[in-house]
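K.L.:
Sequence:
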Amino acid sequence: MARCLLVIDIQNDYFPGGALPLWQAEETEARLVAAIGAARRSGDRVILVRHVTPAGSGFLAEGSEGAEIRPAIREAAGDAPVVTKRNADAFQDTGLLDHLAGTRELLVAGMMTQNCIIFSAMSEDARPFRVRVIADLCAAPTEMVHRIALTSLGSKLTLTEAGEVWAEEAAGA
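According to this note's numbering, the sequence shown is numbered sequentially starting from 32.
Calculated from the structure, these hints are not laboratory results. Even glycine gets a Cβ: it sits at the ideal position worked out from N, Cα and C. Certain hints may be false.
Quick list of the computed label-pair ranges, beta carbon to beta carbon [claimed, not checked]:
{"no.": "1", "residue 1": "Glu99", "residue 2": "Glu58", "range": "16 to 22 Å"}
{"no.": "2", "residue 1": "Pro47", "residue 2": "Thr84", "range": "16 to 22 Å"}
{"no.": "3", "residue 1": "Arg158", "residue 2": "Gly126", "range": "14 to 20 Å"}
{"no.": "4", "residue 1": "Glu174", "residue 2": "Gln123", "range": "33 to 39 Å"}
{"no.": "5", "residue 1": "Thr115", "residue 2": "Gly68", "range": "32 to 38 Å"}
{"no.": "6", "residue 1": "Glu96", "residue 2": "Arg178", "range": "28 to 34 Å"}
{"no.": "7", "residue 1": "Glu155", "residue 2": "Gly185", "range": "18 to 24 Å"}
{"no.": "8", "residue 1": "Glu174", "residue 2": "Asp110", "range": "33 to 39 Å"}
{"no.": "9", "residue 1": "Gly74", "residue 2": "Arg178", "range": "29 to 35 Å"}
{"no.": "10", "residue 1": "Ser186", "residue 2": "Pro102", "range": "21 to 27 Å"}
{"no.": "11", "residue 1": "Gly194", "residue 2": "Gly48", "range": "17 to 23 Å"}
{"no.": "12", "residue 1": "Gly194", "residue 2": "Phe90", "range": "31 to 37 Å"}
Given the sequences, and given the hints that come with them, work out the whole structure.
P.N.:
Structure follows, in C-alpha coordinates:
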(Lines of atoms letter the chains of each structure in order from A and count residues from 1; the text may use other names and numbers.)
(Lines give C-alpha, C1' and ligand atoms only; values in the text may rest on other atoms or scores of the structure.)
Protein backbone atom coordinates (compact mmCIF):
# COMPACT_ATOMS: atom_id res chain seq x y z
CA MET A 1 0.00 0.00 0.00
CA ALA A 2 1.47 3.38 -1.00
CA ARG A 3 1.64 5.57 2.08
CA CYS A 4 2.53 9.17 2.61
CA LEU A 5 3.53 10.95 5.80
CA LEU A 6 2.15 14.50 5.62
CA VAL A 7 4.14 16.73 7.99
CA ILE A 8 2.24 19.97 8.55
CA ASP A 9 3.66 23.33 9.68
CA ILE A 10 6.78 22.45 11.68
CA GLN A 11 7.84 26.08 11.49
CA ASN A 12 9.94 28.33 13.71
CA ASP A 13 7.04 30.50 14.93
CA TYR A 14 5.63 27.49 16.84
CA PHE A 15 8.80 27.00 18.91
CA PRO A 16 10.35 28.85 21.87
CA GLY A 17 11.29 32.34 20.71
CA GLY A 18 8.64 32.27 17.97
CA ALA A 19 5.35 34.13 17.77
CA LEU A 20 3.19 31.24 19.09
CA PRO A 21 5.18 28.55 20.90
CA LEU A 22 3.17 25.36 21.25
CA TRP A 23 2.95 22.82 24.06
CA GLN A 24 5.71 20.22 23.64
CA ALA A 25 6.86 21.64 20.30
CA GLU A 26 10.47 20.52 20.73
CA GLU A 27 9.49 17.03 21.89
CA THR A 28 7.10 16.70 18.97
CA GLU A 29 9.80 17.83 16.57
CA ALA A 30 12.23 15.19 17.90
CA ARG A 31 9.60 12.47 17.48
CA LEU A 32 8.85 13.73 13.96
CA VAL A 33 12.50 13.60 12.95
CA ALA A 34 12.60 9.95 14.06
CA ALA A 35 9.28 9.20 12.31
CA ILE A 36 10.43 10.77 9.06
CA GLY A 37 13.48 8.51 9.18
CA ALA A 38 11.29 5.46 9.82
CA ALA A 39 8.93 6.46 7.03
CA ARG A 40 11.75 6.88 4.53
CA ARG A 41 13.29 3.52 5.53
CA SER A 42 9.88 1.90 5.02
CA GLY A 43 9.51 3.38 1.55
CA ASP A 44 6.76 5.80 2.59
CA ARG A 45 6.63 9.14 0.85
CA VAL A 46 7.09 12.27 2.93
CA ILE A 47 5.58 15.65 2.09
CA LEU A 48 6.23 18.79 4.10
CA VAL A 49 3.64 21.55 4.35
CA ARG A 50 4.29 25.12 5.45
CA HIS A 51 1.75 27.81 6.23
CA VAL A 52 2.44 31.40 5.19
CA THR A 53 0.63 34.67 5.72
CA PRO A 54 1.26 37.88 3.76
CA ALA A 55 4.77 39.35 4.06
CA GLY A 56 5.01 41.82 6.92
CA SER A 57 1.98 40.41 8.74
CA GLY A 58 3.98 39.00 11.66
CA PHE A 59 3.01 35.40 12.50
CA LEU A 60 4.20 32.96 9.78
CA ALA A 61 4.79 35.92 7.45
CA GLU A 62 6.08 34.91 4.06
CA GLY A 63 9.83 35.45 3.86
CA SER A 64 10.26 35.65 7.64
CA GLU A 65 12.42 33.39 9.81
CA GLY A 66 9.27 32.38 11.71
CA ALA A 67 7.70 30.92 8.57
CA GLU A 68 10.69 28.69 7.81
CA ILE A 69 10.43 24.93 8.31
CA ARG A 70 12.67 23.77 11.14
CA PRO A 71 16.16 22.75 9.94
CA ALA A 72 16.03 19.30 11.60
CA ILE A 73 12.80 18.52 9.75
CA ARG A 74 14.21 19.70 6.40
CA GLU A 75 17.33 17.62 6.94
CA ALA A 76 15.40 14.49 7.92
CA ALA A 77 13.02 14.86 4.96
CA GLY A 78 15.80 15.16 2.38
CA ASP A 79 14.36 16.02 -1.01
CA ALA A 80 10.73 15.71 0.06
CA PRO A 81 8.46 18.21 -1.67
CA VAL A 82 7.28 21.26 0.26
CA VAL A 83 3.72 22.46 -0.27
CA THR A 84 2.94 26.05 0.74
CA LYS A 85 -0.53 26.80 2.05
CA ARG A 86 -2.41 29.91 3.13
CA ASN A 87 -5.37 28.17 4.79
CA ALA A 88 -5.74 25.65 7.61
CA ASP A 89 -6.61 22.88 5.12
CA ALA A 90 -3.38 21.71 3.44
CA PHE A 91 -5.39 20.77 0.35
CA GLN A 92 -7.16 24.11 -0.13
CA ASP A 93 -5.70 26.11 -3.03
CA THR A 94 -2.45 24.08 -3.08
CA GLY A 95 -0.94 21.44 -5.32
CA LEU A 96 -0.95 18.81 -2.56
CA LEU A 97 -3.16 16.37 -4.47
CA ASP A 98 -0.66 16.34 -7.35
CA HIS A 99 2.01 15.04 -4.94
CA LEU A 100 -0.31 12.30 -3.63
CA ALA A 101 -0.83 10.45 -6.93
CA GLY A 102 -0.71 6.72 -6.19
CA THR A 103 -1.13 7.20 -2.44
CA ARG A 104 -3.68 5.04 -0.67
CA GLU A 105 -2.97 5.90 2.96
CA LEU A 106 -2.30 9.35 4.36
CA LEU A 107 -0.55 9.66 7.71
CA VAL A 108 -1.13 13.16 9.11
CA ALA A 109 1.13 14.85 11.68
CA GLY A 110 2.22 18.33 12.67
CA MET A 111 1.34 21.55 14.37
CA MET A 112 -1.97 22.92 15.55
CA THR A 113 -3.88 19.72 16.24
CA GLN A 114 -7.08 21.73 16.72
CA ASN A 115 -6.72 23.64 13.46
CA CYS A 116 -4.50 22.60 10.57
CA ILE A 117 -4.42 18.90 11.51
CA ILE A 118 -8.21 18.64 11.85
CA PHE A 119 -8.95 20.67 8.71
CA SER A 120 -6.42 18.75 6.60
CA ALA A 121 -7.30 15.27 7.90
CA MET A 122 -11.03 15.91 7.44
CA SER A 123 -10.74 17.80 4.17
CA GLU A 124 -13.09 16.80 1.39
CA ASP A 125 -9.95 16.22 -0.70
CA ALA A 126 -8.62 13.68 1.85
CA ARG A 127 -11.64 11.40 1.45
CA PRO A 128 -10.13 9.15 -1.25
CA PHE A 129 -7.37 8.15 1.19
CA ARG A 130 -7.29 6.02 4.31
CA VAL A 131 -6.43 8.82 6.76
CA ARG A 132 -4.76 8.23 10.11
CA VAL A 133 -3.68 11.03 12.43
CA ILE A 134 -0.52 10.21 14.37
CA ALA A 135 -1.42 11.66 17.76
CA ASP A 136 2.07 11.73 19.29
CA LEU A 137 3.39 13.61 16.26
CA CYS A 138 1.02 16.56 16.73
CA ALA A 139 1.09 19.62 18.98
CA ALA A 140 -1.28 22.42 20.02
CA PRO A 141 -1.09 25.59 22.14
CA THR A 142 -1.82 23.62 25.33
CA GLU A 143 -2.10 19.99 26.36
CA MET A 144 -5.83 20.42 26.99
CA VAL A 145 -6.47 21.85 23.51
CA HIS A 146 -4.43 19.00 22.00
CA ARG A 147 -6.37 16.32 23.88
CA ILE A 148 -9.78 17.85 23.13
CA ALA A 149 -8.89 18.04 19.43
CA LEU A 150 -7.74 14.41 19.42
CA THR A 151 -10.93 13.29 21.15
CA SER A 152 -12.98 15.06 18.49
CA LEU A 153 -10.86 13.64 15.66
CA GLY A 154 -11.03 10.16 17.13
CA SER A 155 -14.79 10.16 16.73
CA LYS A 156 -14.38 10.59 12.96
CA LEU A 157 -10.95 9.21 11.97
CA THR A 158 -8.41 6.65 13.08
CA LEU A 159 -5.84 7.89 15.59
CA THR A 160 -2.57 6.07 16.03
CA GLU A 161 0.92 6.51 17.51
CA ALA A 162 4.16 6.62 15.53
CA GLY A 163 5.47 3.43 17.15
CA GLU A 164 2.37 1.56 15.99
CA VAL A 165 2.64 2.76 12.39
CA TRP A 166 6.19 1.70 11.76
CA ALA A 167 5.99 -1.36 14.06
CA GLU A 168 3.27 -2.62 11.71
CA GLU A 169 5.68 -2.21 8.81
CA ALA A 170 8.43 -4.09 10.63
CA ALA A 171 5.99 -6.90 11.40
CA GLY A 172 4.92 -7.10 7.76
CA ALA A 173 1.49 -5.54 8.29
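K.L.:
Against this structure, judge whether each hint is valid.
P.N.:
Status of each hint after checking the structure:
1. Look at Glu99 against Glu58: about 20 Å separates their beta carbons, and that is inside 16 to 22 Å.
2. Distance hint for Pro47 and Thr84: a CB-CB separation of about 20 Å, consistent with the stated range 16 to 22 Å.
3. For the pair Arg158 and Gly126, the beta carbons lie near 18 Å from each other, so the given range of 14 to 20 Å is met.
4. At about 28 Å, the CB distance of Glu174 to Gln123 disagrees with the hint of 33 to 39 Å.
5. For Thr115 and Gly68, the Cβ-Cβ distance of about 24 Å falls outside the hinted range of 32 to 38 Å, so the restraint is violated.
6. In this structure, Glu96 and Arg178 meet the distance hint of 28 to 34 Å, their C-beta atoms being roughly 30 Å apart.
7. Under the hint 18 to 24 Å, the C-beta atoms of Glu155 and Gly185, about 20 Å apart, fit the expected range.
8. Distance hint check: the CB atoms of Glu174 and Asp110 are about 34 Å apart, consistent with the given range 33 to 39 Å.
9. Take Gly74 and Arg178: their Cβ atoms lie about 32 Å apart, and the range 29 to 35 Å holds.
10. For Ser186 paired with Pro102, a C-beta distance near 36 Å fails the hint of 21 to 27 Å.
11. About 30 Å separates the C-beta atoms of Gly194 and Gly48, a value inconsistent with the hinted range of 17 to 23 Å.
12. About 32 Å separates the C-beta atoms of Gly194 and Phe90, a value consistent with the hinted range of 31 to 37 Å.
Checked against the numbered hints above, the structure violates hints 4, 5, 10 and 11; every other hint is satisfied.
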